[in-house]
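If you read the protein sequences in the order shown, they are chains D and L. In this text, residue positions in the first sequence follow my numbering: the first is 1, and each later residue adds one. In this text, residue positions in the second sequence follow my numbering: the first is 1, and each later residue adds one.
I should point out that these hints are in silico values taken from the structure, not numbers from a laboratory. Fair warning: there could be bad hints in the mix.
[Unchecked claim] Partial list, derived from the structure: chain L residues whose beta carbon lies under 10 Å from chain D:
| id | residue |
| --- | --- |
| 1 | I74 |
| 2 | V78 |
| 3 | G85 |
| 4 | V87 |
| 5 | L97 |
| 6 | T98 |
| 7 | L105 |
| 8 | G111 |
| 9 | L137 |
| 10 | Q153 |
| 11 | V221 |
[Stated by the list, open to error] What follows is a set of in silico ranges between Cβ atoms, one per label pair, in the way DEER data are often shown:
| id | chain 1 | residue 1 | chain 2 | residue 2 | range |
| --- | --- | --- | --- | --- | --- |
| 12 | D | A141 | L | T65 | 49 to 59 Å |
| 13 | L | A96 | D | L249 | 20 to 30 Å |
| 14 | D | W135 | L | T118 | 41 to 51 Å |
| 15 | L | D227 | D | D22 | 51 to 61 Å |
| 16 | D | I226 | L | T65 | 53 to 63 Å |
All residues carry an ideal CB built from backbone N, CA and C; glycine is no exception.
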Amino acid sequence: MLDFIIQTSAVANAEIRKLMRDPTELFSRAVQPVLWLAVFGQVFSQVRGIPTGKLNYLDFMAPGILGQSILFSAIFYGIAIIWERDLGIVHKLLVTPASRIALVLGKALAAGLRGLVQAAVVYVIAALLHVDIRWEPSAVAGVAFGVFLGSCIFATFSLVIACIVMTRERFMGIGQILTMPLFFASNAIYPLELMPSWLKAIAMANPLTYLIDALRAQMIVGGHGIHSALVNFGVMTAVFLVLLAIASLLYPRLAR
Amino acid sequence: MRDLPPSCSIEISGLTKYFDHFCALDHLDLQVPGSSIFGLLGPNGAGKSTAIKIMTTLLDPSSGTATVAGFDVIDDAVEVRRHIGYVPQMLSADGALTARENLDLSARLYGLRGQLRTSRIDEALAFAGLESFAGKLVKTYSGGMIRRLEIAQATMHRPKVLFLDEPTIGLDPVARKTVWERLLELRQSSGVTILLTTHDMEEADYLCNQLAILHQGKLAVVGAPDDLKRSVGPEASLSDVFVHYSGAVIDQGGHLREVRETRGTAKRLG
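Next comes chain L alone, as it looks inside the complex (with noise of 0.2 Å):
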């Protein structure tokens, strides 16, 4: 386990990432302070999702380091995944299991045995507000009830660390309302830091203290949100900061693989 700087809870040092000749990840050097709600932001293929696989230890880096909740990612890739939870940008619930099934299945393989498991997994149906959905299949869920469901299952095991890849693509304006409460009651309940990656620039102005903006794989610049609007211009929105960092517009489109897993989501909303 590494000493990390004070309230840093995720720390990478030149990190690069190369797929064949692409470079997806180039030299990337960020500090994530304990405790925050961190939003990288950035175009398609700037390189978040590649960073966030890293990160998760599901994908090694061709070179850098990178040191999630005290532990290096390499080298203690089992310690990094118990200490972190993991939300996919698909809706990955299981539809074919229940509630209580799908955290019950999480439990155990975060290693929550006996009497801790049966209360962990009762305080996450009722943080995620479904104790009396919790007998029904998740495939008979709305979207924001299977991303509240979701939100629960990363994070009973009590991580330090919660990454959310695009939590509330998908959802209609009060599911995704619900959401950004759930985050912030968990941030600040259990003082969880957070790390997400979002295309939408009032929940990156709404939820996150930190952000961070990704273009061509490099870090274009990191800063509190209303710190980076005023590095812009007096009147700057967070649009106006992402399009002056990345010089790219808006876009939720994505290559092929994307659009097919935001379609899939579509689709199982219904």
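Isolated chain D (complex conformation) (with noise of 0.2 Å):
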């Protein structure tokens, strides 16, 4: 078990390194949220049109934002194990003792840590925007651990990916394909009520829903989730647990 530690946050360790060394990622990222929150969000605010409860416009779509950055960071994170694998890098870790599931989860675990950094740039953004944010530590906390555990999920869904799809082309081609349909047949930016239940049904599979559902709970005065606190990390851990151990399975095919 200590090996497996060891294992996991060494690999970890080293892609927050790389990560620290080269930050304009981070910052280009942000420029998706800022645009989404200031002219989308404030533009739709004035509408009207969208039932949001007693949340304004703005309150109700920042977490949505917030689980948006996460997801559109987090399912490129395929092509850096592509890019990996054509570099040797990855038949270079396959080839070590190390536990396939430590090499997947220590990257996962580092794309969760980056996911942080995200939403620290978008809690800046709202919070200048005047969203209406819990800064209790409890909530804090949780929207934290909500966020980690989500990019957690699609980093290691865009490694999945990455281990079938095989090259950076057809990667960019499925990313695309993949992340606007994650996006809109969730909560982030309209309720779910107002979906046809046939878009409804896909949503209740959508992990992203059940992060978006506890961020609006933990980020926002006056937020709450259709779904407790505990459904939510309960099926998003199931989530990320079942992705972990397909990850694992398929990693190694990268090296054949």
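Make the complex out of the two chains shown on their own, each in a separate frame, by following the hints.
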């Protein structure tokens, strides 16, 4: 078990060092939430066409944009994995006696920490736009946990896709195809109640819906989710464990 | 753990690998003596990389057996990994990390702990001649420096068998000679068995005690370089041996993926 922890933390540590040396990606990925919140959110909060209960529209969509930011950032994590495969880094990792689960989990945890930085950027933008944020430590910790887990889910999902498609060109195409449906088939920018039943069924199977539901309850004053925190985090944890198992099985394919 | 014949580090028997209907390895039998430098030669598509991938547990064979350092590559894959080092064809040290960080990552994945880890990292840096560059990002290194680092990285856990896939591809003549010296020094000091693939006949002649030439997935010939040359003709070179047994000219081209990887290596070398 100690070996497993050391192996996992070694991979995560290497990934985080790389991220800290080149933070430009974090800032470039901050542009999209700025546009959604400052442009789309501000305009749509004037329309008042979307019923969001007691919340104004900007407050309603801020957790959705945080979830979207996590999704868009983590979903392209697989590109880096394919790049590592082309350089032979994956081969070198796979000929070590390290557990395949530790190799994948280490990368997922690093993505989780990257998501926290992303969340800090969205918090700053939201605060500047006067979104009514809950600042109690327990609420911030709940958001941090959700963001961390959500990033782990989508980064691992991305790794699974990378293991299947194997090339950067194909991955870019698949990534584009997946992100927008995941985003629109969720409760990010409109409530589930507005959806037709078929779309609602898809949204209920979408882990992004559970992430945003948890964030909405924890992040916004007066916000509440349709599920309890236990259900949201329970579903997310189960999804992550399943994806982790699949990714660990598929990861060695990259070296074949 | 299996008993290998005395002083035999690798034993391959009837090893066969199919990719769909394509036979990449066809009943390969091979024995690699311990503490030797063994060269695997052959034209592109001969099955060299497939054989290395099976021996390093990256790929499962369709049939046959392979035993490395006394462990079966299928039944004892983790033990095989614990006892081997591997240097891929591409310059694969992580450019976004320093040499010390690259070594530290490997050391932790190989289970080296505490003071042993620190001392092995220092020894590896000294072996690679990179002590004064240890804190610099690897992407600022020359190709020769990266290759030396990778060999040090692959041997810091004291493997019994070291696999190198075209270790000097893309390196200039000076860097190439330095890598050769490091490999000879390593074999001399630790007794590690080295199995390498190469297209460079000078490299094979200079380094290897024994050579095997593969052709269309089959073993064409195996023997000491001088014996092989004599078998072809009194004035024969190793290139003549290669052409004689493989029926191919020495070609560094390869299929699309190999070309892309070689270009990637060249790009990283600037």
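Taking the hints in turn, this is what the structure says about them:
Interface restraint check: L:I74 against chain D, minimum CB-CB distance 13 Å, threshold 10 Å, status violated. Interface restraint check: L:V78 against chain D, minimum CB-CB distance 5 Å, threshold 10 Å, status holds. Because the closest C-beta pair between L:G85 and chain D is about 8 Å apart, less than 10 Å, the hint holds. Checking L:V87 against chain D by beta carbon gives a least distance of about 8 Å; that is within 10 Å, so the hint holds.
Checking L:L97 against chain D: minimum C-beta separation of about 6 Å stays under 10 Å; hint holds. Look at L:T98: its Cβ gets to within about 9 Å of chain D, closer than 10 Å, so that hint holds up. The closest approach between the C-beta of L:L105 and any C-beta of chain D is roughly 5 Å, which is under the 10 Å cut-off, so the hint is satisfied. A least Cβ separation of about 6 Å between L:G111 and chain D falls short of the 10 Å threshold, and the interface hint therefore holds.
Proximity of L:L137 to chain D holds as hinted, the smallest CB-CB distance being about 8 Å (cut-off 10 Å). Nearest Cβ of chain D to the Cβ of L:Q153: about 8 Å, under the 10 Å cut. The hint holds. At its closest, the beta carbon of L:V221 sits 28 Å from a beta carbon of chain D; the interface hint therefore is violated under the 10 Å criterion. Remark: the range hint 49 to 59 Å for D:A141 to L:T65 is upheld by a beta-carbon distance near 54 Å.
Hint check: L:A96 to D:L249, Cβ distance near 27 Å, so the stated range 20 to 30 Å holds. Distance hint check: the CB atoms of D:W135 and L:T118 are about 43 Å apart, consistent with the given range 41 to 51 Å. Range check, L:D227 to D:D22: about 53 Å between beta-carbon atoms, so the 51 to 61 Å window is met. With their beta carbons about 57 Å apart, D:I226 and L:T65 fall inside the hinted range of 53 to 63 Å.
When held up to the earlier numbered hints, the structure conflicts with 1, 11 and fits the remainder.
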